[in-house]
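The listed protein sequences derive, respectively, from chains A and B. According to this note's numbering, the first sequence is numbered sequentially starting from 5. According to this note's numbering, the second sequence is numbered sequentially starting from 23.
It is possible that part of the hints are untrue.
To be verified - Quick list of in silico lysine to any residue cross-link-like pairs, SDA-like style, CA-CA up to 20 Å:
hint	chain 1	residue 1	chain 2	residue 2
1	A	LYS55	A	GLU235
2	A	LYS262	B	TYR193
3	A	LYS226	B	LEU387
4	A	LYS263	A	ARG47
5	B	LYS414	B	PHE172
6	A	LYS262	B	ALA107
7	B	LYS183	A	ILE114
8	A	LYS263	B	TRP142
9	B	LYS281	B	GLU231
10	A	LYS59	B	HIS420
Stated by the list, open to error - If you anchor each label on the Cβ, the simulated ranges turn out as follows:
hint	chain 1	residue 1	chain 2	residue 2	range
11	B	SER140	A	SER140	24 to 32 Å
12	B	ARG230	A	ASN250	47 to 55 Å
13	A	ASP104	B	THR423	29 to 37 Å
14	A	ASN250	B	GLU342	30 to 38 Å
15	A	ASN250	B	SER418	33 to 41 Å
16	B	TYR292	A	SER177	51 to 59 Å
What the hints assert, rightly or not - In silico negatives: residues of chain A with every beta carbon more than 10 Å from chain B:
hint	residue
17	PRO169
18	GLU194
19	LYS240
These are calculated hints, taken from the structure and not from any lab test. Ideal Cβ placement from N, Cα and C applies to all residues, glycine included.
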Amino acid sequence: MRTSLLLVLALLLPLHAFAATAEEVVKKSQAAFLYAGKDFKARVMMTLISKGGQKRVREMTMLRKNYGEVGGSQKYFIYFFQPADVRDMAFMVNKYPAKDDDRWLFVLAINMVRRIAARDKSSSFVGSDFTYEDVSGRDLEDDTHAIVKEEKLGTNDCYVVKSTPKAADVDYSYKISWIDKIHFLPVKEEYYDKKGELYKVFTADEITDIKGLPTITKRTMKNLQSGHTTEVIFAKTDYNIGIEDNLFSERYLRQPPKKWIE
Amino acid sequence: MTFVEGMMTSEGRVVQLQRPAPHWSALLLSVFWGAQISIAQETNISMHGFWQGNHSLNLSSPNPDNGDFKWAEERFQLKLDASIAALRSYAKGDVFYDHIDNDAEMELREGYVDYSSSLWDLRVGRQIITWGLGDLIFINDVFPKDYEAFFSGRPLEYLKKGTDGVKIGIYPGFTSLEFIVIPFFEPNTFPQQSRFWLFDPLPGHTSREEKEPTTNLRNTELAVRSYFEVAGFDASLYFYKGFFRQPWMMPDHPTMPTKLTLFYPELSVYGASLQGRSLGGVLSLEAGYYDSRQDRGGADPLLPNSQTRFLVGYQRQLWEDFTLGFQYYGEYTHDYSAYESNLPPGFPKEDRLYQLVASRFTQFLMHQTVMLSIFSFHSPSAGDYLLNPEMKYNFSDHIWTALGANVFGGGESWSQFGQLDKNDNVYIQLRYEF
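With the rest of the complex left out, here is chain A (with noise of 0.2 Å):
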């Protein structure tokens, strides 16, 4: 009994040690990716594209504030600009880790705030190829990380890291990330699906620094099964900009301050 429990740690422990490195680099690249700066504004222009080419447009400011480390929680704060029927509604997510998010959402319409339901983060947002998941990160305990190997994707020297969600509440059963060594920032993301076939890619189009931090500012998800894409654009991207905290709020929710949002 005693020599195969030795057997099996010794078997455990250089896969530990492995696994130790690879998730302190999918913990840096969501430092470089989601947690950037203390906050973060950008005008975000996603353009859904359908197989048959006809496209939809969502216009909107995306605020967000950071609260304690990495993997710690955040305040998003979304206003939209299009589509014509959802123009002055805003919308507004607690995140926080190892638990669900609080999401609320302005309707201009009858003036309400409400809260939503929200149980699902690897549900579409806005109706796009990104879930809530792509747009404010998965916690790093929720998957097993990986180095598949290193290799040179384009220009960037990568590691390839292999992410396998422990539970299965999502549609991927594991997903692999080139992560540039210099800028940690995944160049380009390959989601399999359950039956381990490629369905979705992930691509960072065009890196810009701002402020010193490199920055995804275009960034395409295609899905390869259904044909439809997503295309975003970040525009007039800043960081340290010193959102203040009273900004997540039903107040401003009904009305948004116009210095964050325009």
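Add chain B to chain A, keeping to what the hints say.
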């Protein structure tokens, strides 16, 4: 998109105007815009709106006046928004042609001026105010509503009517406060007798007069709300002093009436609500004490008794883009024995506890361009129901259509939905939005 039922479903385009608005709209909205138009050069004015066709056809029987349609109109809406520094003005006006009455009309849906500073803000003018947590169930939302719009298959926003008043917001930090002063009384709009079959307790009496509270300081309505966070839950306390918005009938003689006066009894409401994440979804609790100030003993059969109204709601996402919501609502009548013993013979008797159960199922499809929903009301105490299935499709970023039905039935000929039994309708809404 799941985070928004009914939200991300159609699209539009921002039109930024750096010049004065067109003449006719300036005329329509001159009250709120007179000052703004002249300085429009320095202001960033945005203009949006829509064109909409909205028809609702009877399913079971023609209207009392033999018409086939509950609603038939084309409508154009213009929304103008301008701001300079801490001041902002907003106006939303509709022009429409009603094919049932064959007339064209204008309507100022909203028109107000805002001032905001860091600690307080002010809104003066016609504004839509929504309080409380219910989905089509209103306890602390004491502001005017248009039920005819709802039963006729018009878009949801037309359920809410503008309030002409002043709203002051104060934000000291530990709580947020809203004070609303309404000098001009606005009743709810109920279905017209010519278009809807409705229960009438005194059918023979055609001589009727509606008497709204006169505009004076004593009759000025006051509403206060304080909201804050308690252990991750959103909490609100409410107070209202004003009037019931549903009219009551006062005959000029107890046994041989010749004339009926429709009037609005005095009302105060004390309420509270709590909403937060619970049981894997969103849990809502709301209650209000309806103090019928003119009949506190409950003995006057011509006046409403005081009531306690309460609501439990639960909303949950079961799978991607599918949400279900349940609500249980109750109205408990106080001094019920006084009500019972004073009710004139032949009048329908309300239950001590009126109960209503509501459910809503919503499924989005095709990148949230299609929305299927079913909303239902069912009253276990009255035995009646309302069923509202709807399908909405966004053809493009600018054009959407909704197709739905309102089906009423069950209960008694005088109960809330039972009396609407012969008014089943199918409706279509088609909107181009810019």
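Here's how the hints hold up against the structure:
1. With a C-alpha separation of about 13 Å, the suggested pairing of LYS55 of chain A with GLU235 of chain A holds against the 20 Å cut-off.
2. Note on LYS262 of chain A and TYR193 of chain B: the hinted pairing holds, with a Cα-Cα distance of about 18 Å set against a maximum of 20 Å.
3. Note on LYS226 of chain A and LEU387 of chain B: the hinted pairing holds, with a Cα-Cα distance of about 18 Å set against a maximum of 20 Å.
4. At roughly 13 Å between alpha-carbon atoms, LYS263 of chain A and ARG47 of chain A fall within 20 Å of each other, so this suggested pair holds.
5. Between LYS414 of chain B and PHE172 of chain B, the direct Cα distance comes to roughly 16 Å. Compliance with the 20 Å bound is thereby established for this hinted pair.
6. Between LYS262 of chain A and ALA107 of chain B, the direct Cα distance comes to roughly 9 Å. Compliance with the 20 Å bound is thereby established for this hinted pair.
7. For a cut-off of 20 Å, the pair hint linking LYS183 of chain B to ILE114 of chain A stands: about 9 Å separates their Cα positions.
8. A threshold of 20 Å between alpha carbons decides the hint, and for LYS263 of chain A with TRP142 of chain B the separation of about 17 Å falls inside it, so the pair holds.
9. Straight-line distance between C-alpha atoms of LYS281 of chain B and GLU231 of chain B comes to about 8 Å, which keeps the hinted pair within the 20 Å bound.
10. For the hint linking LYS59 of chain A to HIS420 of chain B, the alpha-carbon distance of about 12 Å falls within 20 Å, and the restraint holds.
11. Between SER140 of chain B and SER140 of chain A the C-beta distance comes to about 28 Å, which sits within the given range of 24 to 32 Å.
12. Judged by the Cβ atoms, the range 47 to 55 Å given for ARG230 of chain B and ASN250 of chain A holds: they are separated by roughly 51 Å.
13. Checked against the hint of 29 to 37 Å, the pair ASP104 of chain A and THR423 of chain B passes, with Cβ atoms roughly 34 Å apart.
14. Taken as a hint, the range 30 to 38 Å holds for the pair ASN250 of chain A and GLU342 of chain B, whose Cβ atoms sit roughly 33 Å apart.
15. Here the CB-CB span from ASN250 of chain A to SER418 of chain B is close to 38 Å, well matched to the stated 33 to 41 Å.
16. Between TYR292 of chain B and SER177 of chain A, the C-beta spacing of about 55 Å keeps the proposed range 51 to 59 Å intact.
17. Taking the minimum C-beta to C-beta distance to chain B, about 16 Å, the non-interface status of PRO169 of chain A holds against the 10 Å cut.
18. Against chain B, the non-interface label of GLU194 of chain A holds: every CB pair exceeds 10 Å, the least being about 21 Å.
19. The non-interface label for LYS240 of chain A is consistent with chain B: the shortest C-beta to C-beta separation is roughly 15 Å, beyond 10 Å.
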